[in-house]
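Could you build the full structure based on these sequences and the hints that come with them?
Protein chains: 2
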Amino acid sequence: MSKPTPSIEVDPELVEHYVVELASYGATEGTGVSRTVYSPEWVGATQQYARWCEEAGLTVKHDAAGNVWGVLAGSEGGKSIASGSHIDSQTPGGRYDGALGALAALIALKVLKASYGQPKRTLEAIAFCEEESSRFPNANYWGSRAITGRVCQEDFPGIVDFVGKTIDQAMREVGLDPSRIDDARRNDISHFIELHIEQGPILEQAGLPVAIVDAITGIRHYRASLTGTANHAGAFPMDIRRDPMAGFAEITSGLINTAHRLGRPAVTTVGRAVVQPNFAGIIPEKVEFTIDARHPDASKRRRLYEMHEAMMAEIADRRGLELEWQVMIDHEPTPSAPELVDLLGRVAKEQQVPTLTMASGAGHDSQQMAAIADVAMIFVRSKDGRSHTPAEFSSVPDIVAGIKVLAAALYELAY
Amino acid sequence: MSKPTPSIEVDPELVEHYVVELASYGATEGTGVSRTVYSPEWVGATQQYARWCEEAGLTVKHDAAGNVWGVLAGSEGGKSIASGSHIDSQTPGGRYDGALGALAALIALKVLKASYGQPKRTLEAIAFCEEESSRFPNANYWGSRAITGRVCQEDFPGIVDFVGKTIDQAMREVGLDPSRIDDARRNDISHFIELHIEQGPILEQAGLPVAIVDAITGIRHYRASLTGTANHAGAFPMDIRRDPMAGFAEITSGLINTAHRLGRPAVTTVGRAVVQPNFAGIIPEKVEFTIDARHPDASKRRRLYEMHEAMMAEIADRRGLELEWQVMIDHEPTPSAPELVDLLGRVAKEQQVPTLTMASGAGHDSQQMAAIADVAMIFVRSKDGRSHTPAEFSSVPDIVAGIKVLAAALYELAY
Numbered sequence: 004m005s006k007p008t009p010s011i012e013v014d015p016e017l018v019e020h021y022v023v024e025l026a027s028y029g030a031t032e033g034t035g036v037s038r039t040v041y042s043p044e045w046v047g048a049t050q051q052y053a054r055w056c057e058e059a060g061l062t063v064k065h066d067a068a069g070n071v072w073g074v075l076a077g078s079e080g081g082k083s084i085a086s087g088s089h090i091d092s093q094t095p096g097g098r099y100d101g102a103l104g105a106l107a108a109l110i111a112l113k114v115l116k117a118s119y120g121q122p123k124r125t126l127e128a129i130a131f132c133e134e135e136s137s138r139f140p141n142a143n144y145w146g147s148r149a150i151t152g153r154v155c156q157e158d159f160p161g162i163v164d165f166v167g168k169t170i171d172q173a174m175r176e177v178g179l180d181p182s183r184i185d186d187a188r189r190n191d192i193s194h195f196i197e198l199h200i201e202q203g204p205i206l207e208q209a210g211l212p213v214a215i216v217d218a219i220t221g222i223r224h225y226r227a228s229l230t231g232t233a234n235h236a237g238a239f240p241m242d243i244r245r246d247p248m249a250g251f252a253e254i255t256s257g258l259i260n261t262a263h264r265l266g267r268p269a270v271t272t273v274g275r276a277v278v279q280p281n282f283a284g285i286i287p288e289k290v291e292f293t294i295d296a297r298h299p300d301a302s303k304r305r306r307l308y309e310m311h312e313a314m315m316a317e318i319a320d321r322r323g324l325e326l327e328w329q330v331m332i333d334h335e336p337t338p339s340a341p342e343l344v345d346l347l348g349r350v351a352k353e354q355q356v357p358t359l360t361m362a363s364g365a366g367h368d369s370q371q372m373a374a375i376a377d378v379a380m381i382f383v384r385s386k387d388g389r390s391h392t393p394a395e396f397s398s399v400p401d402i403v404a405g406i407k408v409l410a411a412a413l414y415e416l417a418y
Numbered sequence: 004m005s006k007p008t009p010s011i012e013v014d015p016e017l018v019e020h021y022v023v024e025l026a027s028y029g030a031t032e033g034t035g036v037s038r039t040v041y042s043p044e045w046v047g048a049t050q051q052y053a054r055w056c057e058e059a060g061l062t063v064k065h066d067a068a069g070n071v072w073g074v075l076a077g078s079e080g081g082k083s084i085a086s087g088s089h090i091d092s093q094t095p096g097g098r099y100d101g102a103l104g105a106l107a108a109l110i111a112l113k114v115l116k117a118s119y120g121q122p123k124r125t126l127e128a129i130a131f132c133e134e135e136s137s138r139f140p141n142a143n144y145w146g147s148r149a150i151t152g153r154v155c156q157e158d159f160p161g162i163v164d165f166v167g168k169t170i171d172q173a174m175r176e177v178g179l180d181p182s183r184i185d186d187a188r189r190n191d192i193s194h195f196i197e198l199h200i201e202q203g204p205i206l207e208q209a210g211l212p213v214a215i216v217d218a219i220t221g222i223r224h225y226r227a228s229l230t231g232t233a234n235h236a237g238a239f240p241m242d243i244r245r246d247p248m249a250g251f252a253e254i255t256s257g258l259i260n261t262a263h264r265l266g267r268p269a270v271t272t273v274g275r276a277v278v279q280p281n282f283a284g285i286i287p288e289k290v291e292f293t294i295d296a297r298h299p300d301a302s303k304r305r306r307l308y309e310m311h312e313a314m315m316a317e318i319a320d321r322r323g324l325e326l327e328w329q330v331m332i333d334h335e336p337t338p339s340a341p342e343l344v345d346l347l348g349r350v351a352k353e354q355q356v357p358t359l360t361m362a363s364g365a366g367h368d369s370q371q372m373a374a375i376a377d378v379a380m381i382f383v384r385s386k387d388g389r390s391h392t393p394a395e396f397s398s399v400p401d402i403v404a405g406i407k408v409l410a411a412a413l414y415e416l417a418y
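Order-wise, the sequence lines are chains W and P. Residue numbering for the first sequence follows my numbering, beginning at 4 and increasing consecutively. Residue numbering for the second sequence follows my numbering, beginning at 4 and increasing consecutively.
Hints are all accurate, no fakes.
For identical chains, the list gives no copy identity; a pair is met inside one copy or between any two copies.
Mimicking SDA-like on lysine to any residue, the simulated pairs with C-alpha atoms at most 20 Å apart in a straight line are:
id : residue 1 : residue 2
1  : 386       : 243
2  : 289       : 279
3  : 289       : 277
4  : 289       : 387
5  : 289       : 392
6  : 289       : 329
7  : 303       : 240
8  : 289       : 95
9  : 6         : 119
10 : 386       : 232
11 : 352       : 414
12 : 82        : 415
13 : 64        : 192
14 : 289       : 393
15 : 386       : 240
16 : 386       : 288
17 : 303       : 264
18 : 289       : 240
Derived by calculation from the structure, the hints in this document are not laboratory data. Since we're looking at a predicted model, the values are computed, not measured.
In structure tokens, the structure reads:
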């Protein structure tokens with residue numbers, strides 16, 4: 004792998020055409036897209052993706068979970084080298100989150116096949132069926148979990164959408180047999196590279212089109228509550244209140260300031276708070292809230308949580324409040340394979356795409372794929388760092404730059 | 004008024020009987036009472052109150068708003084001396100808030116008539132029909148506002164209960180003619196003394212049964228909102244967020260700490276907060292919240308609000324957040340008539356009831372009555388400072404002590 008990768012050419016008009024066309028499946032007002040797994044819009048998008056795969060000369064496979072694969076068989080056999088992302092969206096999301104990675108893999112394989120013919124190693128493009136949990140709140144990473152054998156038949160009855168339909172029913176309605184979901188498992192993929200929009204402002208602030216992702220951050224969600232004593236807002240002196248709102252405010256400031264002071268890439272967010280009884284004239288009885296705290300370094304992540312927990316306990320104790328918390332989600336960081344990070348860095352230079360290296364603060368299918376393959380990710384600059392909104396946007400030149408890096412890396416691995 | 008008032012005897016068994024019996028109208032689980040204005044429970048309670056007035060030898064009058072008056076006519080004419088409180092409750096509230104003051108007035112007049120016969124000045128006991136706004140959110144002080152001419156016919160269509168019934172309909176259903184509500188106006192009351200439970204812990208902490216109230220606090224309710232930018236909780240670095248939750252936490256701590264540091268009787272409460280979109284993984288877009296800030300001294304109250312407003316503006320500006328606020332309620336403090344405070348202090352000593360003097364942190368019908376009469380209040384110790392809950396409790400000996408002070412003051416004014 005020491006001779007330079009040939010320069011990859013990606014057609015910007017094709018990129019724009021694919022992005023806009025795919026976004027027509029589930030299009031909402033303006034640039035919005037609402038495309039949840041197993042919906043009619045989703046069926047349309049997967050069929051369109053399959054047609055484009057066929058046009059590119061790839062062999063199309065729909066697996067038992069509803070993931071769509073476009074396969075470019077290699078001459079030498081062995082494990083596959085795969086790329087892709089999810090085809091479902093938020094409700095509404097935009098045109099880029101997920102969809103862009105599925106299209107990037109397809110375009111990369113189309114370009115490679117057209118320019119260099121059959122690879123030695125098999126290349127596969129994938130549109131994962133589900134990642135956002137925007138229809139079934141507890142089905143997130145459904146497609147990549149099916150591939151990595153992390154979906155349990157026993158869980159199916161509890162996976163219900165917002166109108167009460169089970170994922171089982173939803174699968175049958177699109178012609179899938181839920182009892183056969185294990186057939187989607189793969190153990191023959193050696194490398195997985197996912198292109199995705201950044202969803203944050205770091206590339207924009209740095210003035211760069213593309214990032215190489217060296218880790219997906221570790222995340223913990225806490226659900227916490229502070230309980231005090233509800234009393235009359237006028238008749239109870241400040242000095243003897245057990246006011247959970249006062250404790251919540253002090254804790255929230257403390258959590259946010261701690262992560263801020265630690266510096267990038269530590270983040271802590273209090274995104275949800277529910278107050279009881281929530282009346283202007285009554286000192287609250289209880290404040291329930293969430294804490295989302297992330298760090299891509301395993302030991303710094305543990306330290307962040309220790310600081311958060313110690314501070315919450317101290318404040319609640321000093322204020323005479325009852326503090327309870329539960330850990331709802333707890334994922335270790337997923338480091339990228341160092342060899343893939345190095346490869347992506349090298350080919351980006353060769354393709355003259357300026358990059359930086361960063362951790363992903365969001366979760367991605369690559370986390371799941373890391374269970375069966377070496378993984379890495381490529382980020383494309385997001386306008387204003389927005390995502391999960393119709394306003395998300397990445398420019399065609401930035402997308403082209405990202406696909407060139409992806410295609411060059413796939414070339415190095417497969418040809 | 005320099006010779007001592009005779010010792011007043013109040014029958015504790017009668018007090019207990021009246022409290023328990025009145026609480027049977029609208030009784031909920033345990034000691035709870037749910038009795039909203041113009042409900043069947045309210046009709047039952049007002050009829051019971053009227054029967055007791057008749058038994059005490061008082062002349063009963065139901066006015067055009069639904070207030071019940073028990074009149075003990077004086078021999079010399081002139082303006083009346085009145086006492087009482089409201090007969091409606093929270094949903095559920097307890098047995099004492101409001102009801103106790105209506106009963107105390109009735110018992111005081113019953114005792115005075117039995118012991119001393121006809122007074123020189125007319126004495127009146129009143130059960131106000133409504134104070135809590137627990138059925139019609141914007142009808143608070145309905146009874147005392149009708150008496151003081153502060154109810155507008157034009158407002159009636161907008162006064163609607165939680166199932167959509169207008170106060171107009173509700174009045175007709177209990178036999179009242181809403182078009183005649185102005186007939187409830189009174190301009191012939193010279194003094195009004197209201198006995199009420201404290202609703203706070205100050206008497207309990209001081210180990211005293213009764214307080215004399217020298218002012219009803221001034222109050223302001225703000226409705227405020229902080230708007231920032233919603234973003235991904237993982238992908239957006241701390242240092243460039245516009246997080247309204249961070250601003251809300253800092254502001255809430257600041258408001259609470261400011262009132263705490265000013266010391267009693269300043270109070271500031273953030274009782275309500277609503278977060279948008281309120282998801283664990285999204286930096287909020289907006290936090291709406293209320294501020295309830297009270298002080299019984301007019302100039303210190305203004306200063307409190309200036310400090311609060313300046314601090315909110317500074318924090319929002321520094322954090323790049325949009326701050327909006329509206330003043331929803333704004334009532335100046337209501338000082339008690341100094342002569343009545345002095346009189347209550349003197350007769351309490353004579354009746355050997357130990358007291359302290361304090362401001363009321365809650366609003367009361369006396370605020371309204373101050374528009375037409377000299378007012379003062381008597382507080383009875385509240386267990387644990389509780390109110391607006393079935394757990395509110397005042398002991399019979401404390402209540403008896405409060406009624407003795409009330410009756411002695413009425414004796415001094417009327418006999």
